[in-house]
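Converting from the sequence shown to my numbering requires adding 1278 to each position, the first position being numbered 1.
Simulated from the structure, these hints should not be mistaken for lab results.
Honestly, I wouldn't trust all of these hints.
When the alpha-carbon atoms are kept at most 27 angstroms apart in a straight line, the in silico BS3-like pairs for lysine-lysine are as follows [to be verified]:
{"id": "1", "residue 1": "K1443", "residue 2": "K1363"}
{"id": "2", "residue 1": "K1330", "residue 2": "K1313"}
{"id": "3", "residue 1": "K1475", "residue 2": "K1367"}
{"id": "4", "residue 1": "K1313", "residue 2": "K1363"}
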Amino acid sequence: TNCTYILPSLLAEFRARYPEVELDIRNRISPEVSKLVLNDEVEIGLATLPIKHPDLVGEALFARRDVLICAPDHALAGRRRIGLKQIVKYPFLALERGSTSRQLLDEVCQREGLVLQVEMNLSGIEIIKRYVEIGLGLALVPEVAVEEEVTTDRLHAVQVTGLAKREIGLVEHRGRRRSRATAAFVELLREFVREEKI
(Lines of atoms letter the chains of each structure in order from A and count residues from 1; the text may use other names and numbers.)
(Lines give C-alpha, C1' and ligand atoms only; values in the text may rest on other atoms or scores of the structure.)
Protein backbone atom coordinates (compact mmCIF):
# COMPACT_ATOMS: atom_id res chain seq x y z
CA THR A 1 0.00 0.00 0.00
CA ASN A 2 2.77 2.43 0.91
CA CYS A 3 4.73 1.65 -2.27
CA THR A 4 1.67 2.03 -4.49
CA TYR A 5 -0.18 5.00 -2.98
CA ILE A 6 2.18 6.88 -0.66
CA LEU A 7 5.67 6.80 -2.16
CA PRO A 8 5.42 7.55 -5.90
CA SER A 9 5.43 11.37 -5.71
CA LEU A 10 8.06 11.27 -2.94
CA LEU A 11 10.34 9.01 -4.99
CA ALA A 12 9.93 11.20 -8.08
CA GLU A 13 10.95 14.27 -6.07
CA PHE A 14 13.90 12.47 -4.47
CA ARG A 15 15.11 11.29 -7.88
CA ALA A 16 14.82 14.86 -9.22
CA ARG A 17 16.86 16.25 -6.30
CA TYR A 18 19.42 13.45 -6.11
CA PRO A 19 19.69 11.83 -9.57
CA GLU A 20 23.04 10.23 -8.69
CA VAL A 21 21.61 8.22 -5.78
CA GLU A 22 20.58 4.66 -6.62
CA LEU A 23 17.36 3.59 -4.92
CA ASP A 24 16.67 0.03 -3.77
CA ILE A 25 12.97 -0.24 -2.95
CA ARG A 26 11.57 -3.49 -1.54
CA ASN A 27 7.80 -3.93 -1.63
CA ARG A 28 6.89 -6.10 1.39
CA ILE A 29 4.24 -6.38 4.10
CA SER A 30 5.08 -4.63 7.39
CA PRO A 31 6.46 -7.67 9.31
CA GLU A 32 8.81 -8.42 6.41
CA VAL A 33 9.89 -4.76 6.25
CA SER A 34 10.90 -5.02 9.91
CA LYS A 35 12.92 -8.18 9.19
CA LEU A 36 14.73 -6.49 6.30
CA VAL A 37 15.73 -3.62 8.59
CA LEU A 38 16.66 -5.98 11.43
CA ASN A 39 18.87 -8.06 9.11
CA ASP A 40 20.55 -4.92 7.71
CA GLU A 41 19.27 -5.66 4.21
CA VAL A 42 17.83 -2.12 4.07
CA GLU A 43 18.63 0.95 6.18
CA ILE A 44 15.05 2.08 6.79
CA GLY A 45 11.53 0.86 6.24
CA LEU A 46 8.03 2.31 6.08
CA ALA A 47 5.56 0.10 7.92
CA THR A 48 2.43 -0.07 10.04
CA LEU A 49 3.30 0.58 13.69
CA PRO A 50 3.86 -0.50 16.41
CA ILE A 51 7.15 -2.31 15.93
CA LYS A 52 7.63 -4.87 18.67
CA HIS A 53 11.27 -5.92 18.31
CA PRO A 54 13.62 -4.40 20.95
CA ASP A 55 16.38 -3.74 18.38
CA LEU A 56 14.08 -1.69 16.17
CA VAL A 57 12.58 1.74 16.68
CA GLY A 58 9.51 3.17 14.96
CA GLU A 59 8.75 6.84 14.38
CA ALA A 60 5.11 7.65 13.59
CA LEU A 61 4.76 9.83 10.48
CA PHE A 62 1.10 9.80 9.49
CA ALA A 63 -2.16 7.97 10.14
CA ARG A 64 -4.09 5.80 7.71
CA ARG A 65 -7.82 5.13 7.90
CA ASP A 66 -9.46 2.00 6.53
CA VAL A 67 -12.88 2.07 4.86
CA LEU A 68 -15.30 -0.65 3.86
CA ILE A 69 -15.62 -1.00 0.10
CA CYS A 70 -18.44 -2.56 -1.86
CA ALA A 71 -19.73 -2.63 -5.42
CA PRO A 72 -21.96 0.38 -6.27
CA ASP A 73 -25.05 -1.86 -6.51
CA HIS A 74 -24.46 -3.57 -3.13
CA ALA A 75 -27.07 -3.24 -0.37
CA LEU A 76 -24.58 -1.23 1.74
CA ALA A 77 -23.67 1.22 -1.04
CA GLY A 78 -26.17 3.77 0.23
CA ARG A 79 -24.67 3.86 3.72
CA ARG A 80 -22.26 6.56 4.88
CA ARG A 81 -21.22 4.82 8.11
CA ILE A 82 -21.51 1.27 9.43
CA GLY A 83 -20.41 -0.83 12.39
CA LEU A 84 -18.41 -4.04 12.14
CA LYS A 85 -21.44 -6.00 13.38
CA GLN A 86 -23.35 -5.10 10.21
CA ILE A 87 -20.52 -6.44 8.01
CA VAL A 88 -20.29 -10.00 9.33
CA LYS A 89 -23.35 -11.30 7.46
CA TYR A 90 -21.78 -10.55 4.06
CA PRO A 91 -19.00 -12.41 2.19
CA PHE A 92 -15.68 -10.75 3.03
CA LEU A 93 -12.38 -10.53 1.14
CA ALA A 94 -9.31 -10.19 3.36
CA LEU A 95 -5.59 -9.73 3.07
CA GLU A 96 -3.75 -12.97 3.69
CA ARG A 97 -2.60 -13.77 7.21
CA GLY A 98 0.82 -12.45 8.12
CA SER A 99 0.17 -8.82 7.22
CA THR A 100 -0.12 -6.30 10.04
CA SER A 101 -3.42 -5.07 8.59
CA ARG A 102 -4.92 -8.56 8.78
CA GLN A 103 -3.57 -9.10 12.29
CA LEU A 104 -5.11 -5.83 13.52
CA LEU A 105 -8.46 -6.68 11.89
CA ASP A 106 -8.46 -10.13 13.48
CA GLU A 107 -7.68 -8.59 16.87
CA VAL A 108 -10.59 -6.13 16.60
CA CYS A 109 -13.00 -8.91 15.58
CA GLN A 110 -11.84 -11.15 18.41
CA ARG A 111 -12.22 -8.33 20.93
CA GLU A 112 -15.75 -7.62 19.67
CA GLY A 113 -16.68 -11.31 19.47
CA LEU A 114 -17.27 -11.10 15.71
CA VAL A 115 -16.51 -13.66 13.01
CA LEU A 116 -16.10 -12.38 9.47
CA GLN A 117 -17.27 -14.62 6.61
CA VAL A 118 -13.90 -14.61 4.86
CA GLU A 119 -14.49 -16.00 1.38
CA MET A 120 -10.98 -15.32 0.07
CA ASN A 121 -7.57 -14.49 1.51
CA LEU A 122 -5.79 -12.36 -1.09
CA SER A 123 -2.25 -11.09 -1.46
CA GLY A 124 -2.79 -7.44 -2.27
CA ILE A 125 -5.08 -4.42 -2.22
CA GLU A 126 -5.30 -4.16 -6.03
CA ILE A 127 -6.63 -7.72 -6.29
CA ILE A 128 -9.09 -7.11 -3.46
CA LYS A 129 -10.40 -3.93 -5.10
CA ARG A 130 -10.98 -5.68 -8.42
CA TYR A 131 -12.83 -8.59 -6.81
CA VAL A 132 -15.01 -6.24 -4.76
CA GLU A 133 -15.74 -4.25 -7.92
CA ILE A 134 -17.17 -7.34 -9.62
CA GLY A 135 -19.32 -8.18 -6.61
CA LEU A 136 -17.44 -11.05 -4.95
CA GLY A 137 -17.62 -9.54 -1.46
CA LEU A 138 -16.81 -6.66 0.85
CA ALA A 139 -13.37 -5.59 2.08
CA LEU A 140 -11.61 -3.18 4.39
CA VAL A 141 -8.85 -1.25 2.64
CA PRO A 142 -6.90 1.97 3.23
CA GLU A 143 -8.98 4.97 2.18
CA VAL A 144 -6.04 6.32 0.16
CA ALA A 145 -6.11 3.16 -1.98
CA VAL A 146 -9.62 3.70 -3.36
CA GLU A 147 -9.82 7.43 -4.03
CA GLU A 148 -9.85 6.96 -7.83
CA GLU A 149 -12.37 4.10 -7.82
CA VAL A 150 -14.74 5.98 -5.50
CA THR A 151 -14.49 9.17 -7.59
CA THR A 152 -15.31 7.24 -10.77
CA ASP A 153 -18.14 5.28 -9.07
CA ARG A 154 -16.48 1.90 -9.58
CA LEU A 155 -16.53 1.30 -5.82
CA HIS A 156 -18.44 2.73 -2.88
CA ALA A 157 -16.64 3.48 0.40
CA VAL A 158 -18.31 3.40 3.80
CA GLN A 159 -16.78 4.70 7.04
CA VAL A 160 -16.60 1.99 9.73
CA THR A 161 -17.11 2.83 13.39
CA GLY A 162 -14.84 1.15 15.92
CA LEU A 163 -11.78 1.01 13.68
CA ALA A 164 -8.80 2.95 14.92
CA LYS A 165 -6.57 4.86 12.53
CA ARG A 166 -3.32 3.05 11.88
CA GLU A 167 0.00 4.73 12.41
CA ILE A 168 2.45 4.46 9.52
CA GLY A 169 6.04 5.18 10.38
CA LEU A 170 9.71 4.93 9.81
CA VAL A 171 11.40 1.72 11.02
CA GLU A 172 15.12 1.75 11.84
CA HIS A 173 17.69 -0.31 13.64
CA ARG A 174 18.08 1.18 17.11
CA GLY A 175 21.31 3.16 17.45
CA ARG A 176 22.43 2.81 13.81
CA ARG A 177 23.68 5.80 11.88
CA ARG A 178 22.02 6.73 8.62
CA SER A 179 24.00 7.12 5.42
CA ARG A 180 23.91 10.59 3.85
CA ALA A 181 21.55 9.37 1.13
CA THR A 182 19.17 7.84 3.68
CA ALA A 183 19.27 10.98 5.84
CA ALA A 184 18.31 13.04 2.78
CA PHE A 185 15.47 10.63 1.98
CA VAL A 186 14.14 10.78 5.56
CA GLU A 187 14.27 14.59 5.52
CA LEU A 188 12.28 14.68 2.28
CA LEU A 189 9.81 12.18 3.73
CA ARG A 190 9.27 14.41 6.78
CA GLU A 191 8.92 17.42 4.47
CA PHE A 192 6.17 15.63 2.52
CA VAL A 193 4.40 14.74 5.78
CA ARG A 194 4.59 18.34 7.03
CA GLU A 195 3.20 19.65 3.75
CA GLU A 196 0.54 16.89 3.70
CA LYS A 197 1.64 15.65 0.29
CA ILE A 198 1.21 12.06 1.54
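Hints that the structure is at odds with (numbers, increasing):
3, 4
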